[in-house]
Amino acid sequence: MEKKEKIGVYVCHCGTNIAGVVNVGEVSTWAAENLKDQGVVVSRDYKFMCSSLGQELIQKDIKEYGLTRVVVAACSPHLHEATFRNACKGADLNPYLCELVSIREQASWVHTDKVAATEKSKALISGGVSRVVYNEPLEPLYVPIHPATLVVGGGISGIQAALEIADAGYRVYLVEREPSIGGHMAQFDKTFPTLDCSACILTPRMVQVGSHPNITLLTYSEIEKVEGYVGNFTVSIRKRARSVDEATCTGCGICWEKCPKKVVDNVFEAGMGNRKAIYVPFPQAVPKYPVIDRENCTFYIKGTCKACEKFCPTEAINFAQEDEIINVEVGNVILATGYDPFDARRITQYGYGRLANVFTSLEFERLSNAAGPTGGNIVLRDGKTVPKVVGIVHCVGSRDKNYNEYCSAICCMQSLKFAHLVHERTGAEIYNFYIDIRAPGKGYEEFYHRLLDEGTHFVRGKVAEISDAVRLPGEEGKLIIQVEDTLTGNQLRVPVDMAILSAGLEPRRDAKAVAKQFGISCSADGWLIERHPKLDPVATVTEGIYIAGCVQGPKDIPASVAQGAAAAARILGKIMQKEIALEPIRASIKEEQCSGCRICNNVCPFNAILFHEDKMVSEVNPALCQGCGTCVAACPAGAISGTGFSNQQILSQIEGLMLLNIKSHKETVPA
Amino acid sequence: MSKPKFAMYWAASCGGCEIAVLNIHEKILDVDANFDVVFWPVAMDAKYKDVEAMEDGSILLTLFNGGIRNDENEHIAHLLRKKSKILVAFGSCACEGCIPGLANFSPVKEIFDTAFSTISTDNPDNIRPQTHYAMPEGEITIPTLYPVLRTLDQVVDVDYYMPGCPPESHQIAAVIDLVIQVLQGKAELPPKGATIGAGNSTVCDECKRKRNEKTIKAFGRIQLIHADPELCLLEQGIPCNGPATRSGCDARCPSAGAQCIGCYGPAEGVVDYGARLIAAFASVIDSDKPEEIDRILDGLVDPAGQFYRFNLAGSLLKAAKPAWKSNGG
Chain A
1 MEKKEKIGVY VCHCGTNIAG VVNVGEVSTW AAENLKDQGV VVSRDYKFMC
51 SSLGQELIQK DIKEYGLTRV VVAACSPHLH EATFRNACKG ADLNPYLCEL
101 VSIREQASWV HTDKVAATEK SKALISGGVS RVVYNEPLEP LYVPIHPATL
151 VVGGGISGIQ AALEIADAGY RVYLVEREPS IGGHMAQFDK TFPTLDCSAC
201 ILTPRMVQVG SHPNITLLTY SEIEKVEGYV GNFTVSIRKR ARSVDEATCT
251 GCGICWEKCP KKVVDNVFEA GMGNRKAIYV PFPQAVPKYP VIDRENCTFY
301 IKGTCKACEK FCPTEAINFA QEDEIINVEV GNVILATGYD PFDARRITQY
351 GYGRLANVFT SLEFERLSNA AGPTGGNIVL RDGKTVPKVV GIVHCVGSRD
401 KNYNEYCSAI CCMQSLKFAH LVHERTGAEI YNFYIDIRAP GKGYEEFYHR
451 LLDEGTHFVR GKVAEISDAV RLPGEEGKLI IQVEDTLTGN QLRVPVDMAI
501 LSAGLEPRRD AKAVAKQFGI SCSADGWLIE RHPKLDPVAT VTEGIYIAGC
551 VQGPKDIPAS VAQGAAAAAR ILGKIMQKEI ALEPIRASIK EEQCSGCRIC
601 NNVCPFNAIL FHEDKMVSEV NPALCQGCGT CVAACPAGAI SGTGFSNQQI
651 LSQIEGLMLL NIKSHKETVP A
Chain B
1001 MSKPKFAMYW AASCGGCEIA VLNIHEKILD VDANFDVVFW PVAMDAKYKD
1051 VEAMEDGSIL LTLFNGGIRN DENEHIAHLL RKKSKILVAF GSCACEGCIP
1101 GLANFSPVKE IFDTAFSTIS TDNPDNIRPQ THYAMPEGEI TIPTLYPVLR
1151 TLDQVVDVDY YMPGCPPESH QIAAVIDLVI QVLQGKAELP PKGATIGAGN
1201 STVCDECKRK RNEKTIKAFG RIQLIHADPE LCLLEQGIPC NGPATRSGCD
1251 ARCPSAGAQC IGCYGPAEGV VDYGARLIAA FASVIDSDKP EEIDRILDGL
1301 VDPAGQFYRF NLAGSLLKAA KPAWKSNGG
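Sequences listed follow chains A and B, in order. So in our numbering, spot 380 of the first sequence is number 380, and the numbers just go up one at a time. Positions in the second sequence are counted from 1; adding 1000 to them yields our numbering.
In case anyone wonders, no lab produced these hints; they're calculated from the structure. Remember, predicted model here, so these are calculated numbers, not experimental data. Backbone N, C-alpha and C define an ideal beta-carbon position, used for all residues, glycine too. Each statement offered as a hint is correct.
Derived DSBU-like pairs (lysine-lysine); straight-line CA-CA distance at most 30 Å:
#1 A:K63 / A:K36
#2 A:K258 / A:K310
#3 B:K1210 / A:K225
#4 B:K1289 / A:K401
#5 A:K512 / B:K1217
#6 B:K1082 / B:K1049
#7 A:K590 / B:K1208
#8 A:K225 / A:K516
#9 A:K89 / A:K4
#10 A:K89 / A:K47
#11 A:K590 / B:K1210
#12 A:K120 / B:K1321
#13 A:K512 / B:K1289
#14 A:K239 / A:K288
#15 B:K1192 / A:K590
#16 A:K302 / A:K239
#17 B:K1192 / A:K4
Here are some of the chain A residues that sit facing chain B, going by a computed Cβ distance under 10 Å:
#18 E592
#19 S595
#20 M616
#21 L651
Generate coordinates for the entire structure from the input sequences, incorporating the hints supplied.
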């Protein structure tokens, strides 16, 4: 060390959050006395360092003592690192010369032993002091923001996001895997608790998307490749061949009317109805152009038929059409890829797939939908019998250690909605089998009471089994729901005509692949992870990638819409700034030390490392790099260094933590 | 004008370094032509007291091989430091502890038990070495073993490091050439503390094998794998230490079809060799299932030997706690 640094140490009480456990006064005095040799010239404690008075205290010391480094012992850097860095910046000290030491999350909140917590706080500060000496002044990197946005997923959340951004005057590329946008909401008949017609409120938005001058709608398309970084992503989109020329097709519908090939529709109709080999998923589909399902189309199987081509008045059928790769430049991305319903077949004891009259929630949605296969008549699998007794099973696949431990959030309300529709349309007797009724939304509790008033039975208990094995008189021809009523302690056998399994929500099967493609991460359950569960719910750890709707976790329509709008607002804010300052915490590779062993090449979650075959060295793209440090750890040659996390910084911090920086503590190799 | 003086010494080492020096063939004549060899126990007779009698700083170049395991090693290390202008930690033992350093995993008592009381040892009276023993002729002594082996620079100030187990003969020849050129005023010495007689990157830099992005589904011992002769060994699941090991040997082992075991020590910029390799290997394991990862890791049958074979004493760990805390035999 050529020049001795002048370091200020600031110990925060955080009210009683820290001071209640850690003796902050003692810690502060200790630092002043024992860390003198490391350069500490002033050490103070203060009630709330993050308050403006606390910040001014630091700024005043920077000026008066000529501090060259600042260590703040307070809460986690997640919370207030920016606060104190800004304070330093305000006093003309480079913000990266300020180091935050967490003595709240890492000491006072996790210990009850006051003496030990105080000693630990000293060690943590000692580590911070030893480290900060090697901190280097850094400047943020500025990159321009491309004003266009990619929205992946055309459900209600993606639709909302796309419209918000497009209405503000910026280009949106909306990519949807299915032939039409609309998502799950398009499959529903009614929405809880208001019983609005789902299609009536959704389709106007869909039409707006379809006709919006700022929205480029790419349905029947999937993301092929993502490259780049915040502000500057290049996205390759595979637009699958519809076999229909969009420029000439008018969406008149003659083709699907004339198509002789019926196919069970497992997607939109949830297997409850049929479509043709050339089809639009539903009448209000956006865009209006049909798609030929090549796996089922007679022409693609046998080489003959071409009925659609014969009847098409505008010669729009194009059997030779090929997939198209479209490359777009965007500044930000919203992932709104939604959820998959839990596969009720996995709970074999509930009989779904084996017992005809056990329905899933999605099947029931189609059954009750006026535009569905039965025209909204709630009937048994035979297509005609109206059920007299209906049992609705809550929490199917949710709140269950064997499947998913989480609560799917919407199943209670969806079950109540089903109960209401059954009551309204059939007058059947209805049983709801629930664990707890969770009705925390606006008007939800009231809806529950409405159902109670309608005479629906509520049985508190987890259903053990649904079977057709008759044991008692009166059970013949019925489905028997076996359950313990936990309020009375009685075992019940409830004979019903129809059982509806209120299936939970699961991450999309390919959620992990999508997360990897966009350089973000999934929780253990598979939901995409937001940057902060409370304060940053739609951003992710990767700058420029946002998430909205059920891709982040189970939620209802209002929450999905709110997230779509929130993500759009976040992005609009970024677009308005025109450029973005990136954290200068970056990894870099010393070319002369890199031997091109390629160990780092695929560890980067942000795809920031490229390999130069000619020079046999790897390189980190500083704009793509998020400073996570994975490659720094992986590099066996020590050729990769992370700014702000150099070997010297880390090793001195460790020395400091072990108090080896203090002469009297030095432990030498025994001789 | 008298010739500059040269010394070479072996502390806790195997003698391979001396052989490597002699292995420079006719170059050894250059050593004799340019230097006055004053102390080299393996090659010529000399007494410690002769060295003690020399003027401080009178030896120009001392190649010191071996780690510091006992008080004799330490005494000579201090002595030669005092008498030498340039002290080179020569070979893996002096630089980083090497194989003798692996004994730092065990307390001295265990080492003695293994050496003197295991079934393969014929020692019915369980005789153990005594540091002092009274004979009719007077007291005789042998050196006292220390709890752990230390590297040369953990004991005295070292000017240069020359890695390798042993250093490659062509590298030794090059270093001798350099020193001769310095003597003749044709070259300058590298900065103090530098590593000499080796490269600045890793063995991979000198390895001709083809490399791809790495993903490892299984580790296996080399004798159990029919290895592709063209492809990176690590990619084939053979735990090759080349990526973290300093270059300088011309990748001799990988070229011959065997994995690098790391004798040239940590590459420039590597603080803890074993930790680096552990992190690197872990980074390319191709699985996210804990059980599968455990199974893959089970393929590394001897982690301590794999990752710390040469540099345990010189690593951040230095020794296992029982050895560290023990106070000799």
